[in-house]
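Chain residues, written in single-letter form:
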Amino acid sequence: MSLTRDMVEGLRIALGESRPLPEPLAAETIEPPPKRVFPNQYQRGAYAAKAAAHTTALVGIGNVGTRYATNVVLQFQAELAVAHAAVAAELPDGWATENGLLSLKSRVTDHHEYLLRPDLGRRLDEESLALLRENATTGIDVQPILADGLSAVACMGSGMELLEAFTKECRQRGWSVGTPMAARYARVWLEDEVGETVGARVACILLGERPGLGTGDGLSAYMVYEPRIGKTDGDRNMMSNIHARGTRPAQAAERLALVAGAMLEQRTSGVDLDLSGIQDRIGDAAGGLREPQVREQLVESGP
Amino acid sequence: MILEPIYPKVLSVRRIHGAHPAVLEAYGADPARHNSLGLITCDQDDPTFVALDEATKRAPVDVVFARSFYAGADHSSGRLSGEILGVLAASDPDEIEEGLKAAVRTLEHDACFYSADASGSIAVFPHVIGSLGHYLAAEAGLQPGDAMAYLVAPPIEATIALDTALKSADVRVAKIFTPPTETNYAAAWLTGDLHACRAAAEAFARAVVEVGHDPIEEACC
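Chains as they are written, first to last, in my numbering: chain A, 1 to 303; chain B, 1 to 221.
Any given hint could be a false lead.
Unchecked claim - Think about it this way: if two alpha-carbon atoms lie no more than 20 Å apart in a straight line, the pair counts; the simulated SDA-like pairs of lysine to any residue are:
| no. | chain 1 | residue 1 | chain 2 | residue 2 |
| --- | --- | --- | --- | --- |
| 1 | B | 9 | A | 27 |
| 2 | B | 57 | A | 134 |
| 3 | B | 9 | A | 11 |
Unchecked claim - Beyond 10 Å from chain B on every Cβ pair, some chain A residues (computed):
| no. | residue |
| --- | --- |
| 4 | 2 |
| 5 | 3 |
| 6 | 4 |
| 7 | 10 |
| 8 | 12 |
| 9 | 14 |
| 10 | 32 |
| 11 | 58 |
| 12 | 81 |
| 13 | 101 |
| 14 | 161 |
| 15 | 226 |
| 16 | 232 |
What the hints assert, rightly or not - Computed beta-carbon distance windows for the label pairs:
| no. | chain 1 | residue 1 | chain 2 | residue 2 | range |
| --- | --- | --- | --- | --- | --- |
| 17 | A | 53 | B | 23 | 37 to 43 Å |
| 18 | B | 23 | A | 112 | 54 to 60 Å |
| 19 | A | 23 | B | 193 | 29 to 35 Å |
| 20 | B | 179 | A | 33 | 33 to 39 Å |
| 21 | A | 15 | B | 179 | 50 to 56 Å |
| 22 | B | 143 | A | 20 | 56 to 62 Å |
| 23 | A | 112 | B | 28 | 31 to 37 Å |
| 24 | A | 33 | B | 176 | 30 to 36 Å |
| 25 | A | 28 | B | 143 | 27 to 33 Å |
| 26 | A | 28 | B | 179 | 50 to 56 Å |
| 27 | A | 33 | B | 143 | 45 to 51 Å |
| 28 | A | 85 | B | 18 | 35 to 41 Å |
| 29 | B | 213 | A | 29 | 52 to 58 Å |
| 30 | A | 67 | B | 176 | 51 to 57 Å |
Quick caveat, the hints were computed from the structure, so don't treat them as lab data.
We treat Cβ as the ideally placed atom computed from N, Cα and C, and that holds for glycine.
Construct the complete structure from the given sequences, taking the supplied hints into account.
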């Protein structure tokens, strides 16, 4: 234990001392660590479990000692991967044409640039502008535009369903609807230039929204009255979370048509638009509280 | 009866948590880094220096103050004074606690003086440190991890024994403290590899015992 003590012990003998060194003081005993330092019991309060049932958000996930449960961490990583994949996805060439849509593109040239340059995503390139002038019906009431936005996965998933449902809702109300079209590398404000070019009274862009955990397939709709380049977000009305576990496309189409109707009637949009007359028919009031949500399990969890 | 261990007595162990900046500064601590102090007094200064150094190996603490008192424990200013006050400084109380534990453990189980004569009136400290902490390394101008022989004895014994130690082992001098030190001893810090340090400490202790046996030497010629 002590280098010096060993040395002194030898020296004592060398110097003729026969007795051994007195016993050293007993060292204090150190308790062995417990066999298991952390509990392995998954804990979650009843309230947390109940709250978590109403959302796909990461709330009420419980704990194991001081850490998250392994399946929660794996689920989180899987959901994050879904979101990453959705952002990275691109609308394939020819997708619009195959679906019978007019194929437009913003001034962005590749996906990387799309993520870095929102300004370029808000304007049409020359080719698309010419295509639009040549082929699109002008002077219409509503111009819907399907677009990839930040999730081409969502656009390809329920984009057509929402576009068709919204178009149908508009026609039922007797409005003229513009040529169906889809834009690639598009940001929300692209609707201003498109709407202005075709002379639409209302433009509505339906595009993949910024993916969240486990929702890479959400669509958002942004609507503006009298689309002109230079309109701001204050001039727009939007609806988000249009997907199977949020607002379903058919329901969303109906609500969007209601808002479009209000725009046509009041000749304005955004913060100036008064939705109080239809508030019982849109938003949460229309469907009441959402039914309990179940998180889609992306990983298998053990016992 | 020679080379009996003379165990050091720890006389006080106290902490100051959230010490006043003026106190921190006065005792060599840095208020920007240090918040807690651990204080220790003991009736043997050299084992305490070793113990404080040991603390720097066991916990992220700094030895900010360690001074011997004049004329040693037998002439101390009170029953708690002993012959040294050592002060550890750290950023939080837990580190101080670990540091103090290591220091007290060293004083109780490792570093001690030994009697070098039958009457016990000559004490020698032939201590071998296998691996220096950053406190003594800095004091000695060596690197943490170096081996060192920490050798202390009364003036005449230490002078002769130091000469013997240097001639008996492949060591070099890190520092020599000629008498009188505060406690009226003399000391030397020698370094080399561990075996050399051990050999030097052994030669030193042997020489101190020898001087005690034969203090008044016959003229040789």
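**OP:** Of all the hints given earlier, name the ones this structure violates by number, lowest first.
**Re:** Violated hints: 2, 3, 4, 5, 6, 7, 8, 9, 17, 20, 21, 22, 23, 24, 26, 27, 28 and 29; rest satisfied.
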